[in-house]
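J.: Taken in order, these protein sequences are the chains called F and C. Read in order, the letters of the first sequence correspond to residues -18 to 63 in the numbering used here. Read in order, the letters of the second sequence correspond to residues -18 to 63 in the numbering used here.
One should not assume that every hint holds.
For chains that are exact copies, the list does not tell them apart, and a pair is met inside one copy or across any two.
EDC-like cross-link-like pairs, simulated, lysine to aspartate or glutamate; straight-line CA separation at most 20 Å [as the list claims (entries may be wrong)]:
# : residue 1 : residue 2
1 : -14       : 16
2 : 22        : -3
3 : 41        : 31
4 : -14       : 54
5 : -8        : 62
6 : 22        : 33
7 : 41        : -3
8 : 22        : 62
Because the hints were derived from the structure by calculation, they are not lab data.
There are 2 protein chains.
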Amino acid sequence: MYLAKIYVTYKQSILDPQGEVIKSALHRLDYQTVERVNQGKYFEIMFAADNESAAAAEVKAFTEALLINHNTETYRFELAEV
Amino acid sequence: MYLAKIYVTYKQSILDPQGEVIKSALHRLDYQTVERVNQGKYFEIMFAADNESAAAAEVKAFTEALLINHNTETYRFELAEV
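Same shape as in the complex, but just chain F (with noise of 0.2 Å):
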């Protein structure tokens, strides 16, 4: 069995408007300090695989079959054992 976790997180030619909301409303709590705020998803899946090549194919797979938007947004994932 493995545990895939994958974070999803927008092109960096895309403008991220829920961040730009996040850094403003850090900033009127004064939270002064922050640069730059980018929000993603993330996703913790557990499946079944026989090695841990095919885990990762099966990652991708799903992956980009229905996680993420290809036009605007790319990812990386971690893989484990359980």
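Take the given structure of chain F and dock chain C to it, following the hints.
T.: Structure of chain C alone, referenced to chain F:
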């Protein structure tokens, strides 16, 4: 300057409806080996601080002030000087 990576997830006892929706969608796409899906929020926040312990205290403060719902969510973070 510090970069905080903050992972916000539901507490164990809380039902994750979005996670259930994604799991059934993955099953419909034939990823039958998927057993559990949890979706959370992921933040990358760049900010200034005097040192690592001040930075950690600041992350706890602004995360608990704005980024999580204390009733249903928990968080962990990683900190790096950049």
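J.: Hints first: check each against the structure and report whether it holds.
T.: Results for each hint:
no.	hint	verdict
1	-14 to 16	between (26 Å within a copy, 14 Å between copies)
2	22 to -3	both (13 Å within a copy, 14 Å between copies)
3	41 to 31	within (15 Å within a copy, 39 Å between copies)
4	-14 to 54	both (16 Å within a copy, 17 Å between copies)
5	-8 to 62	neither (29 Å within a copy, 22 Å between copies)
6	22 to 33	neither (24 Å within a copy, 26 Å between copies)
7	41 to -3	neither (24 Å within a copy, 23 Å between copies)
8	22 to 62	neither (22 Å within a copy, 23 Å between copies)
Checked against the numbered hints above, the structure breaks hints 5, 6, 7, 8 and satisfies the rest.
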